[in-house]
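Based on the provided sequences and hints, a complete structural model is requested.
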Amino acid sequence: MTDEERHRATEQQRHRATEQQRHRATEKQQGRATDTQQDQQTEPKRRSVGRPAGGAKSSGGHSQSLVRGLTILEGLAAAPDGLALSDIAEDVELAPSTTHRLLQALFHQGFITQDVESGLWKIDVKTFRIGNSFLEARDFVATARPFLRRLTATSGETANLGIRDDGMVVYLAQSESKQMMRMITRLGSRAPLHASGVGKALLAWMPPQEFEQIVAGRTLEGETPNTLTDADRLREQLIEIRRQGYAVDREEHAIGLNCVAATLHDESGLPLAAISVSGPVARIDDSRLPELAALVAETAREITAKIGGKTPPEPPV
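Read left to right, the sequence shown gives residues 32 to 348 (my numbering).
These aren't lab readings, by the way, just hints derived from the structure by calculation.
Careful: at least some of the hints might be erroneous.
Taking CB as the label site, the calculated pair distances span [as the list claims (entries may be wrong)]:
hint, residue 1, residue 2, range
1, S128, E105, 28 to 36 Å
2, E105, A247, 19 to 27 Å
3, S220, A247, 41 to 49 Å
4, E333, L97, 38 to 46 Å
5, E333, E241, 19 to 27 Å
6, R249, E207, 16 to 24 Å
7, E241, E322, 31 to 39 Å
Backbone N, C-alpha and C fix where the C-beta goes; we use that ideal spot for every residue, glycine too.
Right under this line is the structure:
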């Protein structure tokens, strides 16, 4: 074969290779166009069988399953001994079969557990971790703990820290007394604002409009015969609490238990939380109240300063 023939053969091979590449490129482009057309044709179908805007949501704009699941968690959080399926179904107003499916979903995610013997459903460790993250994020809780321990060491009584949640006190931290007879409050437990030392300390520095909303929205029920259930008398006592800088609960939440509390203030001077010292009347009697009141009020001022808060000046009498 001559050089000219070899050259022509090489050129033909190159031409065929180029044509093959062009053909493959054309097929790929056609394939992409076909896929795009199919996507465009199927997209409306996906939307039609998916969730339409607001179709699977409650009137509040939240997923019904999510709201029901959270309602179940709230109910279980308020029942440390656990709840039966029938009780939970009644709370969320669903059929037991539907409620059981929600419980199973929460169980598999680690939020709740079921007691093997009793069959009762309870909060599990994952829910505790999420709730505990609130405590870690709020620096005043961690800041207050050593002060609570110091209060207990100085007074010999149980020291508590609580915040306001609507018309209730929620206890977030505690330093427990070593005395045989002592006050113990489960963390996360609640007490009425008007019937507890911590609650009255918070009410006293609350903006008037907030206080009136709380009073107007509920009946001041008596926890004991000593509870203040008259709004006017409560207002008068709150003025005295602001003047003296501390609140006293004389068997108003529980018979046989006295309590002295003072407010922690934020940077605006508003009530952020309150601390208290509580114990049996046999040890915290009227003769000891002034001593403990001074101790608790001074500790509250120290914590307030530590967290960057501002204790308001005492209002005129």
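We went through each hint and held it up to the structure:
The hinted range of 28 to 36 Å is not satisfied by S128 and E105, whose Cβ atoms lie roughly 21 Å apart. Checked against the hint of 19 to 27 Å, the C-beta distance between E105 and A247 comes to roughly 24 Å, which is consistent with it. In this structure the hint that S220 and A247 lie 41 to 49 Å apart at CB is violated, the actual value being about 26 Å. Take E333 and L97: their Cβ atoms lie about 42 Å apart, and the range 38 to 46 Å holds.
Taking the beta carbon of each, E333 and E241 are about 26 Å apart, inside 19 to 27 Å as hinted. At about 31 Å, the beta-carbon gap between R249 and E207 misses the expected band of 16 to 24 Å. For the pair E241 and E322, the supplied restraint of 31 to 39 Å holds, since their beta-carbon distance comes to about 32 Å.
Consistency note: the structure conflicts with the earlier hints numbered 1, 3 and 6.
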